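One line per chain: the protein sequences are A and H, in this order.
Going left to right, the first sequence walks through residues 7 to 390 as my numbering numbers them.
Going left to right, the second sequence walks through residues 7 to 390 as my numbering numbers them.
Honestly, I wouldn't trust all of these hints.
Copies of the same chain look alike in the list, so a pair counts if it fits in one copy or across any two.
[Said to hold, decoys possible] 25 Å max Cα-Cα, derived SDA-like pairs, lysine to any residue:
(1) K10 x Q371
(2) K349 x E145
(3) K140 x E119
(4) K349 x G54
(5) K349 x L46
(6) K10 x R384
(7) K140 x A39
(8) K349 x P53
(9) K336 x D348
(10) K349 x D388
Please keep in mind that the hints were generated in silico from the structure rather than gathered at the bench.
Just so it is clear, the structure is predicted and the values come from calculations on it, not from any experiment.
Number of protein chains: 2
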Amino acid sequence: MSAKITPSRQPSLSGERFAVTYRIAGDESLARARAQEITLEQTVEFPGELVPEGAIRDGIVGRIESLDASGEGHFEARISYAVESAGGELPQLLNTVFGNTSIKPGIRVERLELPPSILNNYPGPRFGIPGIRKLLGMEGRPVLCTALKPQGLPPEDLAELAYRFALGGIDIIKDDHGIANQGFSAFRARAGAIARAVTRANYRTGSRAVYAPNVTAACGEVRDRAIFARECGAGALLVSPGLTGFDAMRALAADDAVALPVIAHPALLGSFTAHPDSGISHYALYGQLMRLAGADASIFPNFGGRFSFSREECRGIADGCAAPMGALEKIFPAPGGGMGLDKVAVMREFYGPDVMFLIGGGLFQAGDDLVENCRRFRELVDVA
Amino acid sequence: MSAKITPSRQPSLSGERFAVTYRIAGDESLARARAQEITLEQTVEFPGELVPEGAIRDGIVGRIESLDASGEGHFEARISYAVESAGGELPQLLNTVFGNTSIKPGIRVERLELPPSILNNYPGPRFGIPGIRKLLGMEGRPVLCTALKPQGLPPEDLAELAYRFALGGIDIIKDDHGIANQGFSAFRARAGAIARAVTRANYRTGSRAVYAPNVTAACGEVRDRAIFARECGAGALLVSPGLTGFDAMRALAADDAVALPVIAHPALLGSFTAHPDSGISHYALYGQLMRLAGADASIFPNFGGRFSFSREECRGIADGCAAPMGALEKIFPAPGGGMGLDKVAVMREFYGPDVMFLIGGGLFQAGDDLVENCRRFRELVDVA
Chain A
7 MSAKITPSRQ PSLSGERFAV TYRIAGDESL ARARAQEITL EQTVEFPGEL
57 VPEGAIRDGI VGRIESLDAS GEGHFEARIS YAVESAGGEL PQLLNTVFGN
107 TSIKPGIRVE RLELPPSILN NYPGPRFGIP GIRKLLGMEG RPVLCTALKP
157 QGLPPEDLAE LAYRFALGGI DIIKDDHGIA NQGFSAFRAR AGAIARAVTR
207 ANYRTGSRAV YAPNVTAACG EVRDRAIFAR ECGAGALLVS PGLTGFDAMR
257 ALAADDAVAL PVIAHPALLG SFTAHPDSGI SHYALYGQLM RLAGADASIF
307 PNFGGRFSFS REECRGIADG CAAPMGALEK IFPAPGGGMG LDKVAVMREF
357 YGPDVMFLIG GGLFQAGDDL VENCRRFREL VDVA
Chain H
7 MSAKITPSRQ PSLSGERFAV TYRIAGDESL ARARAQEITL EQTVEFPGEL
57 VPEGAIRDGI VGRIESLDAS GEGHFEARIS YAVESAGGEL PQLLNTVFGN
107 TSIKPGIRVE RLELPPSILN NYPGPRFGIP GIRKLLGMEG RPVLCTALKP
157 QGLPPEDLAE LAYRFALGGI DIIKDDHGIA NQGFSAFRAR AGAIARAVTR
207 ANYRTGSRAV YAPNVTAACG EVRDRAIFAR ECGAGALLVS PGLTGFDAMR
257 ALAADDAVAL PVIAHPALLG SFTAHPDSGI SHYALYGQLM RLAGADASIF
307 PNFGGRFSFS REECRGIADG CAAPMGALEK IFPAPGGGMG LDKVAVMREF
357 YGPDVMFLIG GGLFQAGDDL VENCRRFREL VDVA
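Okay, chain A solo, but in the shape it has when bound (with noise of 0.2 Å):
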């Protein structure tokens, strides 16, 4: 005997599902008692048998519209839920989409499919691929990026940094992401000193070098800080929402008030992809998800640097930055992390030329011209 849940009302659903495919390792059967679990525990968490008769049972439990085997031992389960239960809100969509499954071993999220009803809450990336061209006033090449570092210096050091490449031709000068407010380099004392260094350099070249401070900040702050790099001449920002809440990194490309690009940045996501089993694949998690959340690129480890993605999951991320997902614009990929200029070649080929290449250490080991450095990097672009 169980005690009974009769809903006094029915709540009103529009009929219109959202569809989260999950890779699930075990055999057929296994795998379908976990889809199952999965369309309970991602919305009602309640006992299958005791879960109210009509629309809650019918609409609001998710429902497994296809299971098909995916390579050996795993199979591919696409889950459909009611658009309300995502609540008009990405903490709550992320939520229906993975949130106590990811508990669960065994269970990958491989992809989104969501609806107008859905993308129409999301805004998503302001400016896209192609309003971070205009924003550059360039076309049809990549887009150069390399970072301020290493964390320490002061922010004048900082602003010479940042003046010699964009003398140098990098297009987005942004701070390591782990430079954020310490005393060394507080960001009200940096975020002017580099604007500045990269307008004077802008002057000199005729070019439109932008700069993208780390805004990744406590909760009050990020807003707040943004807004000041906007008033102090800064050209786009950098976030990780791994450390904000991809909601913080959603609201800041929302705001009128800011209204730069948003470059994100993995910082502290590394676990969701670390194991193939478990946790949320390249293509949702740095392709749709950020995309989703409001950024204008990705930035993510390169294949051949220091990190471990392969060839296929960097396709994976480049391929989430530009499927369809409604009106939502396309967003570069951005390769870095140990990446070199011996490497551009490669990853001109690899990604096409709607890519931002990140490279930061790798541009000082080239030579001990750091301007000069900068100038074979563009070279190497524009040839390829």
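Assemble chain H onto chain A, guided by the hints.
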């Protein structure tokens, strides 16, 4: 030949350091090499040979304090960082602990050691175990917690459930973490109705049951909902820091206009503990970090339920909720996830009295009278 950086000023460092112990898969020489990579990756993110001499090389770069074998094929590296690197903000502390290294395979964060100069930035749990016991007017026994569900019920039905739970002697009645701000139980309609129902039950029983609404929400909404909930008479709050970001929880706990106990839910955090060779240990994630970020109770899936945590992992969480962390209060470990009344005796013995038992669907399955089921739950806890 490389471009060399000569700082115009050295960063001023106090010499005080915090430490992170990483578990690294591999033999000793591989583990040492990876530990050395971590010292650069988490700080300067710069080629080792190019790191400027002086305080950056000697103080900012992480330092391997020890490297010891830790079971078959694994080593533990204890690495220290300048407290200044963490920059006084939780996102940057998390970044220094594991930002980029989260993307490298075979490395897990085991535990943190934070000195007073860092801990002093984080008031941590406002209530902790003693504060919650005082609020509830009870001592010596575990706290009883349950969840309002399933998603899709209207506010008045959730309120009726809450009334029965409170009547039956449940201490903390929380929203299910999947109930956010959906149209069928919008936050503002729901919070008031449920808080009133619990107050009504308290009048009848003379107890002090509290309602903990789920304030996991879009970035700018978390605080507004928390304040609204408080004004309605809610006695605690539920937050999923994996969805909002840890810093949103910290800000909530530190907010004097809110001043309610915070119960942390693990949604979307599962990928951090999905694999023993990556992510963050149960001890550090569900214990230390939840506490640092202000949670008064940390929900996690108990061993033997429908999730996969082992007894040892659950022990780690309980330890992390209680281990010395400066002036930070101990917090309640809150095991749940498919628990039923039949598990109470085992859980009571395993966790001792300082635990919050979370039973959701299991309370419905224990018999046809929900109030009676709650009373039995309470008796089992009192007796044990």
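We went through each hint and held it up to the structure:
1. When the C-alpha separation of K10 and Q371 is checked against a cutoff of 25 Å, the pair qualifies only between copies, where the shortest distance is 9 Å, while the shortest distance within a copy is 69 Å.
2. For a Cα distance limit of 25 Å, the shortest separation of K349 from E145 inside one copy, 22 Å, qualifies, whereas the shortest one across copies, 64 Å, does not.
3. Taking CA atoms no more than 25 Å apart as the test, K140 paired with E119 passes in neither setting, with 29 Å inside one copy and 48 Å between copies.
4. Taking the shortest Cα distances, K349 and G54 sit within 25 Å of each other only across copies (20 Å), while inside one copy they are farther apart (53 Å).
5. Taking the shortest Cα distances, K349 and L46 sit within 25 Å of each other only across copies (22 Å), while inside one copy they are farther apart (47 Å).
6. For the identical chains of this complex, K10 and R384 are inter-copy neighbours only, at 20 Å across copies versus 68 Å inside a copy, given an alpha-carbon limit of 25 Å.
7. Taking the shortest alpha-carbon separations for K140 and A39, neither the intra-copy value of 50 Å nor the inter-copy value of 44 Å comes in at or below 25 Å.
8. With identical chains, the CA atoms of K349 and P53 are at most 25 Å apart between copies only, with a shortest distance of 17 Å across copies and 53 Å within one.
9. Taking CA atoms no more than 25 Å apart as the test, K336 paired with D348 passes in neither setting, with 27 Å inside one copy and 53 Å between copies.
10. Taking the closest pair of Cα atoms, K349 and D388 come within 25 Å of each other only inside a single copy of the chain (14 Å); across copies the shortest separation is 66 Å, beyond that limit.
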